[in-house]
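**Student:** Top to bottom, those sequences are chains W and P. Numbered per the numbering used here, the first sequence spans residues 1 to 168. Numbered per the numbering used here, the second sequence spans residues 1 to 484.
To be clear, the hints were calculated from the coordinates, so they are not data collected in a lab. Watch out, some of these pointers could steer you wrong.
Unchecked claim - Distance condition first, Cα-Cα at most 27 Å in a straight line; then the derived DSSO-like pairs of lysine-lysine: (1) 9/P - 278/P; (2) 60/W - 175/P; (3) 107/W - 19/W; (4) 230/P - 175/P; (5) 94/P - 230/P; (6) 175/P - 107/W; (7) 44/W - 175/P; (8) 60/W - 23/W; (9) 175/P - 238/P.
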Amino acid sequence: MNNVQNKKRANKSLPFFFKDEFKVFFVIIFFSTILLISTFTFDKVPPILNRGIQPATFPKGLLVLIMFLTTIIYYLSFKNPWKKEKKLPKPFFLTILSFILFVVISKTLDFFLAISVLSIFVSYNWGEKRVFYLLLVGIIFPLVVFIFFEMILGLRFPPGIITNLYYY
Amino acid sequence: MMAPLFSSKLLIVLLFGTLFGLILGVLPGLGPTTGGALILPFTMTLDPLSAIVLLTSIYCAGTYGGAITAVLINTPGTPAAAATCLDGYPLAQKGEAGRALGMATVSSTVGGIFSVIVLVFFAPVLAKLAYEFGQPEYFALAIFGLTMLASIGEGSPIKNLIAGAFGILISTIGKDFMTSIDRFTYGINELSVGIGFIPVVVGLFAISEMLTQSTLLDQVFKRVALKAVKLPSLDDYKKTWKTILRSSGIGSFIGVLPAEGGTVASLIGYSEAKRFSKEPEEFGKGSIEGIAGAEAANNAATGGAMVPTLALGIPGSATTAVILTGLIIHGVRPGPDLFREQPDFLYGIFGAMLIANVLFFIFGFFGAKLFARITLVPNKILWPMIFAVSVCGTYSLSQSIIDVWIMLFFGVLGFFMRRFGFSVVPVIIGLILGELVEGTLRQSLVIFDGNWLMFLTRPIALTFFILSFIALAFPLLRSKKQKN
């Protein structure tokens with residue numbers, strides 16, 4: 001209990017733009033505004049074909065509702081500040097980096113290779129240093145999953161430098 | 001009723017689903033929702049009944065499986081088992097892990113079977129009522145579902161509402177289903193068909209959990225030794241039978257409401273068990289009633305949550321949203337017509353849920369020790385493997401790499417949502433209800449010639465709106481009362 005109060009107090013002493021409440025408020029309002037603006041570019045249905053409301057009206061309403069509710073939670077946070085979250089550790093950022101690597105490799109080189117690289121990268125950075133286990137999570141298991149999906153579902157994975165070896 | 005279940009194929013599916021569900025339930029961070037979403041592509045190789053039997057058996061067993069880790073390592077395998085930790089682990093620390101798991105197994109089975117009976121009797125009644133529903137009533141019902149979710153779900157109601165509205169917003173991406181006009185596609189062809197349900201579910205549940213696990217690598221679990229699961233003694237039964245029955249009723253009722261199913265049910269079941277107990281001071285120190293109250297309630301929510309899913313096509317929990325997707329993928333349209341046109345199919349599901357409850361009792365009783373060993377697989381091995389399955393599972397439904405990227409995006413988003421107190425469940429429910437909400441609203445406005453006030457002239461719709469208002473006002477009144 002004391003710990004939570006201390007954390008809340010710590011959060012209270014920060015300038016407003018460093019506080020989690022403001023960051024969340026800002027991100028939601030920012031993206032909602034961009035999306036709201038983009039709804040004005042949606043095509044309109046001619047009155048004769050229009051049934052009920054225009055296609056842009058419903059998303060517009062939702063975005064306004066989201067912005068309104070976000071403002072309320074930000075306002076309420078003045079009275080009741082959120083507890084300050086712990087700093088994110090290094091493995092978290094490395095895992096995010098592995099996702100970026102995955103997207104880049106799956107787009108440019110190979111889908112299977114992307115899974116392998118991510119699995120080995122994550123496992124290694126989470127503390128696994130034994131080569132056998134790295135090979136197990138990075139090569140043996142993805143291969144089993146690949147073949148399983150391919151055989152059971154007749155799935156064809158996207159072409160790439162390694163996948164092509166399997167198919168041709 | 002049970003005739004379709006006597007085929008060997010369905011029994012194998014049931015056995016597999018129950019075992020798989022137990023494993024998913026035991027593993028913290030995974031659960032029946034993620035597991036159901038991952039196995040959904042494989043159900044394409046099955047007939048509709050087998051597919052839904054597989055998903056429902058995963059649901060029943062997965063909900064129970066969470067209790068094993070709750071008792072032995074003080075970490076709920078599923079959110080629905082969070083209340084079980086409160087007394088399960090202290091009892092296990094006293095050297096009575098077998099007794100704690102025995103009570104969890106028996107009360108889960110009783111709760112589960114009770115809820116199937118509720119499902120068998122209540123779903124057809126609700127389906128008959130649904131014949132009275134037109135577009136405005138369905139719109140009001142969907143709004144009621146979302147407000148209930150916000151009101152009694154975990155965390156802040158306003159944050160839950162934002163998450164629900166965001167889920168509905170995601171459902172508007174792609175071609176407008178009434179006019180075929182592109183919305184939020186920004187020239188990307190793949191987005192014209194909209195955002196699939198599976199990438200969002202797998203991202204919000206599995207991938208965000210992977211990111212959460214990356215922040216908990218220094219966490220050490222203390223596992224309590226388990227010799228064998230013990231059946232509760234006569235004294236334990238005498239002490240808990242009322243609690244089990246009460247929690248079964250509470251769980252079934254909470255399950256029927258379109259809310260968070262087992263998680264909320266177990267918390268209410270637990271607190272009610274404490275309120276009615278002759279020894280409330282024992283709660284939190286290893287009370288057998290506490291375990292019974294939480295476990296009977298969370299498993300009772302499984303059958304309850306299937307009631308609106310089958311009768312109205314409105315999911316009662318995140319896992320039933322996956323089951324609903326399974327029904328739609330297999331060309332089965334939930335709702336009143338399903339009860340009239342395909343009663344065998346429905347009785348097959350009811351029977352399968354009943355058998356799944358008996359099966360997880362047997363597996364839990366004889367295999368809990370073995371299942372508990374699964375938790376020994378280190379995260380640094382387990383999560384890369386789950387990632388590989390998640391990626392292939394997500395890719396397989398539409399064979400689109402964009403879906404995999406969407407999954408990753410929602411994984412990161414889900415992590416930050418949870419970090420800042422936004423539940424991800426309303427996003428899932430919002431996404432699945434989105435088309436219904438928008439479609440019924442627009443069709444209602446056509447019927448009403450654009451006059452919004454006409455909603456108030458429909459008694460059923462008006463009732464749902466009033467209930468929605470009460471659902472939203474309830475947390476405000478509760479917090480005021482607490483302050484006073």
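**Student:** Now tell me if each hint is right for this structure.
**Tutor:** Here's how the hints hold up against the structure:
no. : hint          : in the structure
1   : 9/P - 278/P   : 48 Å, violated
2   : 60/W - 175/P  : 16 Å, holds
3   : 107/W - 19/W  : 37 Å, violated
4   : 230/P - 175/P : 57 Å, violated
5   : 94/P - 230/P  : 15 Å, holds
6   : 175/P - 107/W : 26 Å, holds
7   : 44/W - 175/P  : 13 Å, holds
8   : 60/W - 23/W   : 23 Å, holds
9   : 175/P - 238/P : 59 Å, violated
Hints 1, 3, 4, 9 from the list above are not met by this structure, while the remaining hints are.
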